[in-house]
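So you can see what is in the structure, the chains are spelled out below.
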Amino acid sequence: MSNLVELNVHGGIATLMLNRPEQRNALSVELLRALHEGLDGVPGDARVVILTGAGKSFCAGMDLKEVLGEEGKEPGSENRGTQALKLLTLLAEAAVKLRSLPAVTIAAVNGAAIGGGCGLTTVCDFAITHAESKMGFPEVDLGVCPAVVAPWLVRKIGAGRARAMLLRGGLMSGREAHAAGLVSECVESREGLDAAVQSLAERLATGGPKALAATKRLLNEIDGSMDLELARRSAKVSADVLGMPEAVAMLRAKMG
Amino acid sequence: MIHVSTKECAGGVVGRITLDRAEKKNALTPLMIAGIVAAVRELVGEERKDTGGTPMPRIGSIVLEGNGAAFCAGFDLTLCRENSDALDQLLAGLSGTIRVLRRCEVPVVLAAHGAAIAGGCALLGGADVVVTHHEAKIGYPVVRLGISPAVSAPFLRQSVGDGKTRERMLDSGLISGWEAFRMGLAHECLEDAGKVRDRAMVIAEQLAAKPRWGMAATKRWMNRVDGSDHDEWAERALAASMGLVGSGEERERLAAMWKAG
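First to last, the sequence lines map onto chains A and B.
Take 33 as the starting number for the first sequence in our numbering and just add one per residue.
Take 3 as the starting number for the second sequence in our numbering and just add one per residue.
By construction, these hints were calculated from the structure, which means they are not laboratory data.
A few of these clues could be false.
Computed footprint of chain B on chain A, listed as stretches where at least three residues anywhere in the stretch have a Cβ under 8 Å from a Cβ of chain B [claimed, not checked]: (1) 87 to 99; (2) 229 to 239; (3) 247 to 254.
Ideal Cβ positions, reconstructed from N, Cα and C, are used throughout, including at glycine.
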């Protein structure tokens, strides 16, 4: 496995760490492939899986450089569209794979979780962050459509609140994310996060593996989590909008 | 173990169903579960298949409550020691009871004045209005025993949505009444546990005084909108829980619990 995602297992608790700290763990094709490998490598007897990020950020979202391609490419070029669709489809499929794990999943949101990075936290069964972290979906501010995360956010916080959150864009603090239902727990500072995550993981690990897996399977059926076609269609919608001149211009401006 | 009574009030009549097994924290037996269903039917009548011609029930609302310190500690799992069919009976009975409460023609107000655990917590999903207090203990600690709480998932999600349902079902930790109120599982949260049952009765009296046809039609429509009147998911959820009954994991963990006393 590439070291872009590190998998560690201790006593029934597996940790997947996005490991590209110099790029704030931005989601590149290579990182997402490594995430798939990491998810495939989670032992069948793991009871809890923790997803976290190396360095100060959890995940800054899509790797914009990779999505936009080389300077000078025309907006909507075939190359860019293909790359964006590849990346977003990998993300959509990783989300379904993450959700389908029989182990209970916790997003340990150690720092900024933006766009697709924030989307990954909504796929996890639980998310814990700290008061100063930044979370949210600023896609519409950049002319981009957060379609790929929308189904997961609807499942997490309900359709009404998800609609408002995605259409308003912007970011929120960890405390605000907790109030909005995006995370299940918010500790005061980054220093307290690891202990809170460990405490939850150990409590969850006391559950019977068969009981947890059966309950998760039923929950996934009820809320439509295993709808891979919807996930792929969502990726296509996001990729199509990413190829439009409005989005390309705004993303280029953001990258400077 | 189940008391049924009625109370005349200014606007109508309130039916009262009381779990009365305080020495066992109102832990549910198959007989008690059947008693709740029988009580609803005695008070309201059989579930109606249409809206025409049937007289309205004489009561206008129901209060579901428990005697003693707890509302309900869940299933009486000691029954499963001697009777291998007991857990199946309890799960099937619970699923049926939640559906009967949810679909009866009058609103149900539940007073969770004390602990509402596992099957006791699941009963909250059958109620239309839940009153609790700040320090009540609420939740589903049963995955720890190798039992899946899936049976009540379709009803919990109607109250709190899919995200919170996932958290509550998978986390064997308990939450406070205040947290239950914040997530929408309870609708009023009092500081004084001793006032919860009285408050539930006040709400039930207010509901009983409202026009019956409109109330029944509204409840029926809410059931249609949120899927409470469909059996498919309730049956699948019941099957998910029953699928684990008798598993090695469940037998080992229950045995360990009994051994520990």
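Against the structure, the hints:
Coverage of a stretch by a chain is defined here by at least three residues with a beta carbon nearer than 8 Å to that chain's beta carbons; for the segment 87 to 99 of chain A and chain B the count is 0, and the condition is violated. For a cut-off of 8 Å, the count of residues in the segment 229 to 239 of chain A with a CB near a CB of chain B stands at 5, and the three-residue condition holds. Proximity of the segment 247 to 254 of chain A to chain B, defined as three or more residues with a beta carbon under 8 Å from a beta carbon of that chain, is established by the 7 residues found.
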